[in-house]
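Novice: The chain contents come next:
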Amino acid sequence: MLLSFLNLTQRFGSFVALDRVSCELNGRAIGLLGPNGAGKTTLMKVCLGLIAPDSGEARLFGLDVRTHGTEVRGRLGYAAEGAGRLPGLTGVESVAYMGELCGLSRRLALRRAHEVLDLVGLDESRHRPVETYSTGMHQRVKVAMALVHDPELLLLDEPTSGLDPESRDDFLELIVSLRQNAGPAIVLSTHLLHDVERTCEDVIIMHRGRVRYAGSLAALQGPSTQRIEVRTRGPAAALLTALRARGAQGAPGRREDTLEITLRPPLGPETIWQAAAELGAVIWHLEPQVLSLEEAFLATLAATLPEDL
Amino acid sequence: MNNQIFSIGYRKLGTDRGPTRPIWPIARTGLQIPWRHRLSKLSLLPALAVLIGHAIWLSAIVIGRKAGEVAATENVAAALSVQMVAGVFGDVREVLSAFIQSQFYASAIALSFLGAPLIADDVHAGALDLYFARPLRRVDYILGKCLAAALVPLGLLMIPTLLLFTAAAGTAAPGQSGELWHLLLPSIGGALLATFVLTGLVLGFSAQAERSRTAAALFFGALIVLTTLGNGLPQAGVSVAGYFAPDRDLRTVMDALLGARGTVFVPVVHNESAFMSFLALLGMASAGFASVWLSLRAKVSS
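Sequence order for the protein chains is A and B.
Heads up: the first sequence is residues 1 to 309, going by the numbering used here.
Heads up: the second sequence is residues 1001 to 1302, going by the numbering used here.
Hints listed in this document are in silico derivations from the structure and should not be mistaken for laboratory results.
Keep in mind that the hints are not guaranteed to be accurate.
Listed next, with one range per pair, are the computed distances between beta-carbon atoms [to be verified]: (1) B:G1126 <-> A:E71: 24 to 34 Å; (2) B:R1213 <-> A:A251: 50 to 60 Å; (3) B:T1214 <-> A:G215: 47 to 57 Å; (4) B:T1214 <-> A:T70: 24 to 34 Å; (5) A:T9 <-> B:R1021: 25 to 35 Å; (6) B:L1045 <-> A:T135: 34 to 44 Å.
Ideal Cβ placement from N, Cα and C applies to all residues, glycine included.
Can you build the whole structure from these sequences, using the hints too?
Specialist: This is the structure:
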């Protein structure tokens, strides 16, 4: 198993950054999705051993991060969010240095640094000091620094934030090519749904320190979460209230007699029929809708966990 | 025409990786970054001036003695001149002791530029995560930074001390050179002690400050304050405060070491004042290293 978390909890004072996080994933490209403050960066830092969790267990490649931290980090590449850089070094020196920190000889590290800088598309500016770089160039160097030692898993924390559309597109293309070729498995932490939709096969959705969904993207958008358009002849508002009471999410539709209902397992379409029968409402139109990732994401966040009750 | 990059794509790396204790790359890069600033290079000038000054002093002693000894075989007046030269210029052991005391401050100036940024710049740039996201232990990082910081005083204290000693021993009259060899180990010991103290202090301040300039100012300021207190308070009757001054402690230890023949540490233990000075220096260095350890333990968990 690539990633495995069991009841992971991390508090910073009274703020709970990770709240009993439990999930297992084994994909090639995993999106770590959630709004700001959801706990994504904390989870990544726990994976790296940069933060020791208060309780619970994090395993990568089947190894406990707490007891095998050095070994795990040797198999990981991490591109942090923000300014993490070594001012005074050029791009190629920074990348080669990171290679040396991972045990490569100086000569091999330098050769490999040029190779990965070619891969991320940084041109002659690799010989300029990193503090003179634009955001896009800096992001490329960070990914090169994470790739230089040929990790098995690449952790990218908000890699496209601050990039212009063209650079962002190039960057996502690079992630796709890494996934499709012999590159490492990728965990992409972001709050940008489009980035995940384009590059990932699996997704972990986090909100307020909790995992709301962990599984394949297809399953998230597919039949497990259903959005159904309902037209009713009768008390639509009462039907909506009854469905909400049964755990479904819903909102009035475009017309007076229309409802937009979102159902998550174990709820199915029969819930609507049962509620309508109890109220004596007549349903004359019921049409399943295909969820966009954004809709699936919002539905997942809106879903009430049993622990929240 | 614009330059274009053509990548061969992602290539797996073989298994040719060494052990991951990258102490030397950390030390090398730690010095490489500040060395690129012109001020850092200029900061070596005081150390160079101290070295040249003491080399001239040493030459004057050796040349004066040689000339005097040659002349002394012919008349009494020349023999007196040998004694006069010795009286004015002192002897080799005094030169070495004074050199290490003066070079201590010259090295501190260089360390303010080359050593103060070692940890402070990493903290300021948010680079600690870069380091500790790699298979790096906290102790490896500290050892790398210690090596980087120690290389500066080693280069400015140890090597010039050996050069001065070699010059003195090489140019001395055959009868005197044997006597000079007894000064070798104490000189090295003194230089190492000074290196240890300077390394501990500069890294201690570098770990606590979040900017290299602050670290440099704190480090150099602390040395000046300690020296002032160590020299001023004993005159006001607080004799124990004399141990606050690191240069004075170093000179006391050096004088005890250079004055003795044989084993290096025995005379320091037997000389109460030198022993207290030695303990004071160890205390300063230990406080610095403890500050590094505690600061990093608070900042990173690995």
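Novice: Against each hint, give a clear statement of whether it holds in the structure.
Specialist: Hint check results:
1. B:G1126 <-> A:E71: 24 to 34 Å: Because 25 Å falls inside the window, the suggested range holds.
2. B:R1213 <-> A:A251: 50 to 60 Å: holds (58 Å)
3. B:T1214 <-> A:G215: 47 to 57 Å: holds (49 Å)
4. B:T1214 <-> A:T70: 24 to 34 Å: holds (32 Å)
5. A:T9 <-> B:R1021: 25 to 35 Å: Given range 25 to 35 Å: holds, Cβ gap about 33 Å.
6. B:L1045 <-> A:T135: 34 to 44 Å: holds (40 Å)
Violated hints for the displayed structure: none, as all numbered hints are satisfied.
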